[in-house]
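Construct the entire structure; sequences and hints are all you get.
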Amino acid sequence: MADFEIPVLNEIPVVPTPKPGATAHLKSFPATKQHQEPLGYPGELVDNWQTKAIEVMGELLGKYRSLPVFLDSCVKCGSCADKCHYFLGTGDPKNMPVARQDLFRSVYRKHFTPAGKLLGDLVGAREMTRELLDDWYNYFHQCSQCRRCSVFCPYGIDTAEISMAAREIMDRIGLGQKYCNEIIGKVYSVGNNLGLPLKALNNTLEGLEEDIEEDTGHPIKFPVDVHGAEVLLVTPSADFFAEPHIDGLIGYGKVFHQAGISWTLSSKATEAANFAMFIGSYENMVKISRRIRDAAIELGVKRIVFGECGHAWRVAYSFLNTLAGPWDFLDPRYPVPQHICEFSNDLIKRGAVRLDKSANDHMTLTFHDSCNVARGSRMGDFEGGQLVIPRELIKASCGKFVDMHPDTIGEKSFCCGGGGGLLTDDLIELRVKGAQPRMEALKQVVENDGVTHMASICAICKAQFTKVLPYYGMEMGMIVSVHQLVSNAILLGSND
Amino acid sequence: MSILFAVLFYAATIVLVAGLGLKVAQYVRVPAPLKIPTTPAPLTQGGAAFRVAREVVIFESLFKSNKWLWAMAVMFHFGLVLVLIRHVRYFIEPVPMVITLMQPFGIYGGLLMIIGLFMLLGRRLVLPRIRYITGPSDLLMLVLLIGIGCSGALMVNFVHTDIIGVKAFFLGLMTFNWQKLPADPLLYVHLALVAALMLVFPFSKLLHVPGIFFSPTRNQVDDARERRHLAPWAAKYEANKTMP
Ligand code: SF4
Ligand code: SF4
Numbered sequence: 001m002a003d004f005e006i007p008v009l010n011e012i013p014v015v016p017t018p019k020p021g022a023t024a025h026l027k028s029f030p031a032t033k034q035h036q037e038p039l040g041y042p043g044e045l046v047d048n049w050q051t052k053a054i055e056v057m058g059e060l061l062g063k064y065r066s067l068p069v070f071l072d073s074c075v076k077c078g079s080c081a082d083k084c085h086y087f088l089g090t091g092d093p094k095n096m097p098v099a100r101q102d103l104f105r106s107v108y109r110k111h112f113t114p115a116g117k118l119l120g121d122l123v124g125a126r127e128m129t130r131e132l133l134d135d136w137y138n139y140f141h142q143c144s145q146c147r148r149c150s151v152f153c154p155y156g157i158d159t160a161e162i163s164m165a166a167r168e169i170m171d172r173i174g175l176g177q178k179y180c181n182e183i184i185g186k187v188y189s190v191g192n193n194l195g196l197p198l199k200a201l202n203n204t205l206e207g208l209e210e211d212i213e214e215d216t217g218h219p220i221k222f223p224v225d226v227h228g229a230e231v232l233l234v235t236p237s238a239d240f241f242a243e244p245h246i247d248g249l250i251g252y253g254k255v256f257h258q259a260g261i262s263w264t265l266s267s268k269a270t271e272a273a274n275f276a277m278f279i280g281s282y283e284n285m286v287k288i289s290r291r292i293r294d295a296a297i298e299l300g301v302k303r304i305v306f307g308e309c310g311h312a313w314r315v316a317y318s319f320l321n322t323l324a325g326p327w328d329f330l331d332p333r334y335p336v337p338q339h340i341c342e343f344s345n346d347l348i349k350r351g352a353v354r355l356d357k358s359a360n361d362h363m364t365l366t367f368h369d370s371c372n373v374a375r376g377s378r379m380g381d382f383e384g385g386q387l388v389i390p391r392e393l394i395k396a397s398c399g400k401f402v403d404m405h406p407d408t409i410g411e412k413s414f415c416c417g418g419g420g421g422l423l424t425d426d427l428i429e430l431r432v433k434g435a436q437p438r439m440e441a442l443k444q445v446v447e448n449d450g451v452t453h454m455a456s457i458c459a460i461c462k463a464q465f466t467k468v469l470p471y472y473g474m475e476m477g478m479i480v481s482v483h484q485l486v487s488n489a490i491l492l493g494s495n496d
Numbered sequence: 001m002s003i004l005f006a007v008l009f010y011a012a013t014i015v016l017v018a019g020l021g022l023k024v025a026q027y028v029r030v031p032a033p034l035k036i037p038t039t040p041a042p043l044t045q046g047g048a049a050f051r052v053a054r055e056v057v058i059f060e061s062l063f064k065s066n067k068w069l070w071a072m073a074v075m076f077h078f079g080l081v082l083v084l085i086r087h088v089r090y091f092i093e094p095v096p097m098v099i100t101l102m103q104p105f106g107i108y109g110g111l112l113m114i115i116g117l118f119m120l121l122g123r124r125l126v127l128p129r130i131r132y133i134t135g136p137s138d139l140l141m142l143v144l145l146i147g148i149g150c151s152g153a154l155m156v157n158f159v160h161t162d163i164i165g166v167k168a169f170f171l172g173l174m175t176f177n178w179q180k181l182p183a184d185p186l187l188y189v190h191l192a193l194v195a196a197l198m199l200v201f202p203f204s205k206l207l208h209v210p211g212i213f214f215s216p217t218r219n220q221v222d223d224a225r226e227r228r229h230l231a232p233w234a235a236k237y238e239a240n241k242t243m244p
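Residue numbers (my numbering), protein chains in the order written: chain A, 1 to 496; chain B, 1 to 244.
Derived by calculation from the structure, the hints in this document are not laboratory data. Keep in mind that a hint or two might mislead.
[Stated by the list, open to error] Per label pair, the in silico range of CB-to-CB distance:
1. Phe4/A with Ala192/B: 52 to 60 Å
2. Glu55/A with Glu93/B: 52 to 60 Å
3. Pro136/B with Glu55/A: 47 to 55 Å
4. Val24/B with Lys117/A: 56 to 64 Å
5. Gln50/A with Ala25/B: 23 to 31 Å
6. Leu125/B with Glu55/A: 35 to 43 Å
7. Val57/B with Ala2/A: 46 to 54 Å
8. Ser2/B with Lys117/A: 29 to 37 Å
All residues carry an ideal CB built from backbone N, CA and C; glycine is no exception.
Given below as structure tokens:
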């Protein structure tokens, strides 16, 4: 089924011996002119790209404290080295977080530190050659920006920050990545990542309403552009048609319906994702985020709720206030924005929505903590709520729940292997291999605890798992949305 | 020789203080435009300060990562702290009671530090993935520290030096009332290596010392929804719509 070797899943995890060059051939398609220009980037590699790259690096060093601090502080202890799923799955030493950073750090040393200017090689300083640029392109697109390395670094060095900066530099010298930039372009031209036009969306939603009414006998609505609705729901466009995403969307609809809270989608913001984070572009992040602000103002809503999406939630929770705030025109009684899991869990706890767990009796669940949620955001009003609340929600909907190995969940969660702008077919080998640590932990609970399904709250994780599970001999249907479980268990109709 | 060392230590002190000062000034000046604490993160300023303190004092993240490496790092760093405390007596007169009481611990600290350093060096040479990320400067740094540790330990335990003279020399340097440095080759080696360490400090990975305090993933408070966080350049961008 694949023209590469599928990693073995061990009982006890094994750290590979470095195999230099193991993934040197994995290069995602570069962006062409038509993907670059709508984002304000040069269409092809500019003539003076070396000078330009150093210039942009200097600019970023003056804008992001993380860069000089992280570049200066690394002691090469290697604490992060065996923490990256791409290193664990591929063995390529340039996928060790510190080695990945060093691709960037060597140029920083050469041009921005006295030691590097003076001593060169001795302190690992290198000139920005074409060869090094190629390494940058390959290996900064083999980082899912999952932040797992940051958890284990004694100085909190986050390789994601470095790979975001590297991608910004590459974009600005004309060497962007097709997958990310094409998608951002679609958000600008059509309104969402999938390039789903409004008419198609309306049709889909109408069809969905009919199907659900037929199934349940209840008129669950999926309203678009309703002025004066209480809640604006912003959700990843994959929720509108991909499996199992759409089952999650149905769950949101049922919760709103049952709680009697009016809500709406906005045709201006049919996408929660903000891929500009993956390419480290503040400007594009602002531009994408402002759509949500504009939509909220236009529709006169009181609250904003985000659907199940990992990186979108990081941007929403951690950055939205910065990028598109202040949100003082919304109802101050609720945090802005709210996660759909916070929203539903709260209603369930208050008894406004009731569930019958037995509807999910045929499943034993485990939960995959998505990187950006676990390590880049929060839910609820207490530290670690982003780990607790989704689990509470699952346990409220389903009787049988088992966590995977503690080293692979929570803040130590392993990436699905497809985050950070790598969810593209041209990187399938990397995606399959990078999923190895997660698959290993999953297989353990499947075999030892009879787990049948893994729930997730991220559009990328869901798509990635659907694709890679079969490579490891598991069913793609194992992966479910958290709100799919809620959807199965919810008691519709009168609450008494 | 005394003059040479006097000049060397003045120069090393100036480079160390000015170099670190410039670095810290850079870290202070450059804003962190986005909220990027590695979560779960503390919700209060005090909590975030406590998190940084845990990193500084007990190497919390390293402990999460690798108990062996953590143990080696603790041996080296704690040993070094004890040694430094012991050394305070060469720079002040009269010597405070605590420092006098700490003297024997300083000697054990020295041994601990040297053992730790050798283990760290061994690890670098033996583990293939750590070898891969090790550059010449990483080895030199360990060798330098081992040199300082061993020359010091030799003077304490075997080839005693005229410690009263050494103290007079340093007190003299500090009060600009210069004294002779005892003529002792081992002492020269020890002091030259220490001066070298001070000179490379602001230009090397030793910047992890100030760096840890400025690391946004560790020192930021998780309050993104409650408080709007806006860097000065980002505020300008918001006002003018062009990137400064
Ligand atoms: S952020 Fe994740 S993918 Fe990137 S280097 Fe760190 S562990 Fe690897
Ligand atoms: S854990 Fe941190 S300091 Fe250690 S090698 Fe990795 S990035 Fe560098």
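These are the hints, each one checked on the structure:
1. Phe4/A with Ala192/B: 52 to 60 Å: 55 Å, holds
2. Glu55/A with Glu93/B: 52 to 60 Å: 54 Å, holds
3. Pro136/B with Glu55/A: 47 to 55 Å: 29 Å, violated
4. Val24/B with Lys117/A: 56 to 64 Å: Given about 21 Å between the Cβ atoms, the range is violated.
5. Gln50/A with Ala25/B: 23 to 31 Å: 29 Å, holds
6. Leu125/B with Glu55/A: 35 to 43 Å: 39 Å, holds
7. Val57/B with Ala2/A: 46 to 54 Å: 48 Å, holds
8. Ser2/B with Lys117/A: 29 to 37 Å: 34 Å, holds
In summary, the structure is inconsistent with hints 3 and 4 from the numbered list given earlier, while agreeing with the others.
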